[in-house]
Amino acid sequence: MSEPRNLYERAGVNDVREFYRTKFISDEVLDERYFKPLDRFDLRFARTMWIYDNVRAGSSVLDLGCGSGMLALLRRKDVVLSGVDLSEEGAAAARRNGYDFSCEAELSNLPFPDARFDYVVSLDVLGHIPAENKDAVLQEIKRVLRPGGVTMHGIECTDRTAQKAYDEMTPEELRKFIAIDGHVGLEEDHEHAARFEKFFPFVDWEPRYTLCLSSEEFLKQADQYGLPFESDFIDYLRDLSFKERRAFDIAMGYVFGKISDLHISLPTSGLYVFMKASDAPLGPFYNEHRDRRELYPFQPSADAENHFCLDRNRNAAFDDGWFEPNLIPPIARWMGRKARITFEAEQLSELTFDLVTHMTELATKPLGIEIFLDGEKVCAFSLFVANSWLPMKIFVPQAAPSGKHVVEIHADRTWQPRPVSNETRDDRELSVAVCNIEVIQE
Amino acid sequence: MSDTEVESILREIREQVYAQRGGQDNGALESAPNRVVGQNGADTPEITPQMDRLRAQTPILARSWDRLPPIISSRKGVAAKLELWVKAKARVLMRWFTWEQVNFNAAVHQSLLETIALIEDTRHQLQGVREQLKEQQARIEELVSEKLPNLDEFRNATEYQLRLAEQQAESVERSLTNLGESLAAEQQRTSTLVRELREADERLAQEQRVCFKQLSLESSETAVMMDRTRRKLEERLAELNQQPSNNSRVERSSKKARSSQQ
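In order, the protein sequence lines correspond to chains A and B. Using this note's numbering, the first residue of the first sequence is number 1178, and each one after it goes up by one. Using this note's numbering, the first residue of the second sequence is number -13, and each one after it goes up by one.
So that you can see chain A by itself, here it is in the shape it has in the complex (with noise of 0.2 Å):
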């Protein structure tokens, strides 16, 4: 067996697969149908972004290590996405998300001709590779990339000023190492470049994270890598709630954001890096292809359908009282205690949607909805039932004006699924979950 099974095996780690299937892989909602255009500042989707605004529009594009499609936004800019990952569920799950193709696949083994894709990228992957193997895999990447194509990679670094090398480590120290993210292959970010331009004549890297983490990721550095920030900064962040969580992630994302729109370079911080190289000169690191029009809303076109849905629909807004949509199934979205949806109809007669929520204790307590358009209350009743879809059917008396109109849900109170535990929390605010709103128009 390769040293690199034996650094895993070292850790406890006996099913890689196994291991990165339950680490990394979720139900999670990434469709871009579903993207909503704030989440262009999250954090969250920051290294998203930055291969979005990389990417040209209807090229082919494959992600290494797609997990469960973090990439899918791209299909936004109609690009070609396809996706390997080392387990067949990780696989399966960017094509829910809609990846055009995916697969299961060794990195250092890719099922493609040479020369087919535009662009081949990876999110978080090399630093999962081992050090031994990590030059297959470039290989296999000059080897798939078309003359001209960019390879890009956001990679997960070290610093060996700070952080000890595997091998300096005792085996309790890597078993513990290894166990927070699978890291088995980090280097240093200058060690990554090294690697690229064995392989590529034109290399550009940046240090990111420097400044910007989010919430969660500060406090993941804090208590298991024991980065040594500000203790009193750290409790602080463990004490935000899921929306204080999100406008500090949000923030992040916006500062983050913008120092790539400034192109300003940021000292190494041991951290990541983005990783940008080809065969060819390459052009700007940041924004090469930036047009973001496609995530934002648009006027419908003139030959709309009489109904429609609004789920998947670039044509409503779905405002941040709404949270991101979730596997339930179906995909709907939760939201708190107030959310709005903002769309464009002519002539709206009718208005259907399905409705449920995991509340507890609603026999004795039920939960009340109410339901404006346009600021007008049109409904109001009160959930007895948890965990049952109820269809629901608005009627407009008089058939709405063409135009902009607003529909906005009142729930009178919210419940947290898991505030708790370490693990699954979730401390969303929750109301209850909708799907399938559908607009009738005469």
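There could be a bad hint or two in this list.
Subject to a maximum C-alpha distance of 35 Å in a straight line, what follows is the list of computed DSBU-like cross-link-like pairs (lysine-lysine) [said to hold, decoys possible]:
#, chain 1, residue 1, chain 2, residue 2
1, B, K218, A, K1213
2, A, K1319, A, K1200
3, B, K120, B, K133
4, A, K1375, A, K1420
5, A, K1213, B, K199
6, B, K199, A, K1581
7, A, K1542, B, K73
8, A, K1554, B, K199
9, A, K1542, A, K1213
10, A, K1570, B, K62
11, A, K1200, B, K199
12, A, K1420, A, K1200
13, A, K1515, B, K199
14, A, K1420, A, K1581
15, B, K218, A, K1581
16, A, K1200, A, K1213
17, A, K1319, A, K1420
18, B, K199, A, K1420
19, A, K1435, A, K1581
20, B, K62, B, K73
21, A, K1341, A, K1353
What the hints contain is simulated information worked out from the structure, not anything from laboratory work. Owing to the predicted nature of the structure, the values given are computational and were not obtained by experimental measurement.
Since the structure of chain A is already known, use the hints to place chain B on it.
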């Protein structure tokens, strides 16, 4: 008075005294050699004094049933002699007058003797019965003493069996109660399960409905997208077909082809 008469009177007096003592001294015993001895060597306490008195009377009866009282005088001298002579003559003369009395005395005497014999027989029989009873009692006691441990064991065993039976009954009762409770709980659980399954089934049906609705909407969206794409392609194709340069190029190439063939 003659000596025989005096002796007779003295004996009579002595016997009366013995009789009054209740036969407690040896003389009395000797005078009643045939009396019945009671259990453990003692006379039967209830009847012994009466029997002794009865036996004391029988010698008097045996001696005096046919005799007249003795002739005596309290006078002295000639008067006494005269008186005794008169009385002696009178006694002889009056014998005919006391004859019937003698008969009666004889009958009474005989009857007493037979009564005493009968009582003695009865006492003998009673003694025999008592001895038999005593033997039977002894045998019973012996039997009881022999069987008592067995009886204790039997009683203990019986009591144990009884207790066991009671315990078993209690156990059975408890088991039945538990079974009943378990059955009730099981029925409750089953009904809960049925209810939950029904609810789950309803939820699943609802979920299926919503999922199918979503798939249906997605299919519609895809169909709309495809239709739009098709129309765009057709429009583009139409544009290409309408471009004059292309048309003239095609015409030229076809003319060339025709001329070369000719």
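key: Violated hints, by number in ascending order, as checked against the structure   = Result: hints 4, 7, 10, 17 break, sorted rising.
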